[in-house]
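Model the full structure from these sequences, guided by the hints.
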Amino acid sequence: MKGCPVNSSNKEWLTIADLAVMHLPGLNVSSVTLHRRANKEKWKKRKKEGVQGVAYEYHVSSLPPEAQIALGYSDGKSVEPTPHNTTPTITNSVHANQLLDDFNALSQEAKREFLLKASQQAASVHDSGAQALLTIWDGLEPMEKDLLSKLLVRKGSELLAQLLNEENLCLMQLSGEKREAALILAQLVPERVREILSELRASRDMAGAGHRQDVDGQHKGVA
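The sequence shown lines up with residues 1 to 223 when you count with full-length UniProt numbering.
You may find that some hints are simply not true.
Restraint ranges, calculated between C-beta atoms of paired labels, are given here [stated by the list, open to error]: (1) K145 x S175: 19 to 27 Å; (2) I184 x E141: 27 to 35 Å; (3) P142 x L197: 37 to 45 Å; (4) E66 x K178: 51 to 59 Å; (5) A181 x P142: 17 to 25 Å; (6) S31 x A202: 53 to 61 Å; (7) G50 x S30: 24 to 32 Å; (8) V51 x R201: 50 to 58 Å; (9) M143 x E199: 40 to 48 Å; (10) N39 x L183: 28 to 36 Å; (11) S30 x A182: 36 to 44 Å; (12) E177 x E66: 54 to 62 Å; (13) V29 x A207: 56 to 64 Å.
For lysine-lysine, the following DSBU-like pairs were computed, each having C-alpha atoms within a straight-line distance of at most 30 Å [as the list claims (entries may be wrong)]: (14) K11 x K40; (15) K145 x K45; (16) K42 x K11.
Hints in this document: simulated from the structure, not taken from any laboratory. No residue lacks a Cβ here, since even glycine has one placed at the ideal position from N, Cα and C.
This is how it looks when you write it as structure tokens:
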């Protein structure tokens, strides 16, 4: 299909959905492929205003020359983005609240997928502290990095302190049955958790005492 010509009065910023329906030359592919290309080639982007959740629009200067021509830039030269008047995110507490609202607006499944992937990345990490966080960060998708950044904007040092806590890092590295057991315990009422912990501690102490007796017996036999 030929590219869809657009006159010079078009927008400089377009969403992936916009590009997908335009079938522009060099970009006549699916939305999924467009997303991958935008991330891979690091297209200039900004957060789309007036929508819930995380949505981006991309500047025409990042598009292939043939696509720019079809959009009305006859010489195919990239146009510089028009300055966008926005208040810096970090210093704007109102905007920080909006960032958290964006995260909360996600479905429970989307939140779970984001947090699950972060914990899965941590499961393969043997470092500790900041290095562990860097390793997790490198394995996240762009949208996931954006969500984590929003949480850091909102929680700041409090969240970092929790993530760097050795016990929390240990919990994130659990896998298999140990991970399942921890998740089950988290869903139980406090009274039942205390009962189970009491039983586990008693079992651990008995196993430790039995092991010490076996070791002592072996030493006596050698003597």
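How the hints compare with the structure:
Checked against the hint of 19 to 27 Å, the C-beta distance between K145 and S175 comes to roughly 23 Å, which is consistent with it. Judged by the Cβ atoms, the range 27 to 35 Å given for I184 and E141 holds: they are separated by roughly 29 Å. For P142 paired with L197, a C-beta distance near 41 Å keeps the hint of 37 to 45 Å intact. Checking the proposed 51 to 59 Å range against E66 and K178 shows it holds: the Cβ atoms sit about 54 Å from each other.
A hinted range of 17 to 25 Å is violated for the C-beta pair A181 and P142, which are about 33 Å apart. Restraint check, S31 to A202: a C-beta distance of roughly 57 Å satisfies the suggested window 53 to 61 Å. Look at G50 against S30: about 25 Å separates their beta carbons, and that is inside 24 to 32 Å. For V51 and R201, the Cβ-Cβ distance of about 51 Å falls inside the hinted range of 50 to 58 Å, so the restraint holds.
At about 43 Å, the CB distance of M143 to E199 agrees with the hint of 40 to 48 Å. Distance hint for N39 and L183: a CB-CB separation of about 31 Å, consistent with the stated range 28 to 36 Å. Our hint of 36 to 44 Å for S30 and A182 holds, since their Cβ atoms are close to 39 Å apart. Between E177 and E66, the C-beta spacing of about 55 Å keeps the proposed range 54 to 62 Å intact.
For the pair V29 and A207, the beta carbons lie near 60 Å from each other, so the given range of 56 to 64 Å is met. At roughly 23 Å between alpha-carbon atoms, K11 and K40 fall within 30 Å of each other, so this suggested pair holds. With a CA separation close to 15 Å, the supplied pair K145 and K45 stays within the 30 Å bound. The suggested pairing of K42 with K11 holds, with an alpha-carbon distance near 20 Å, which does not exceed 30 Å.
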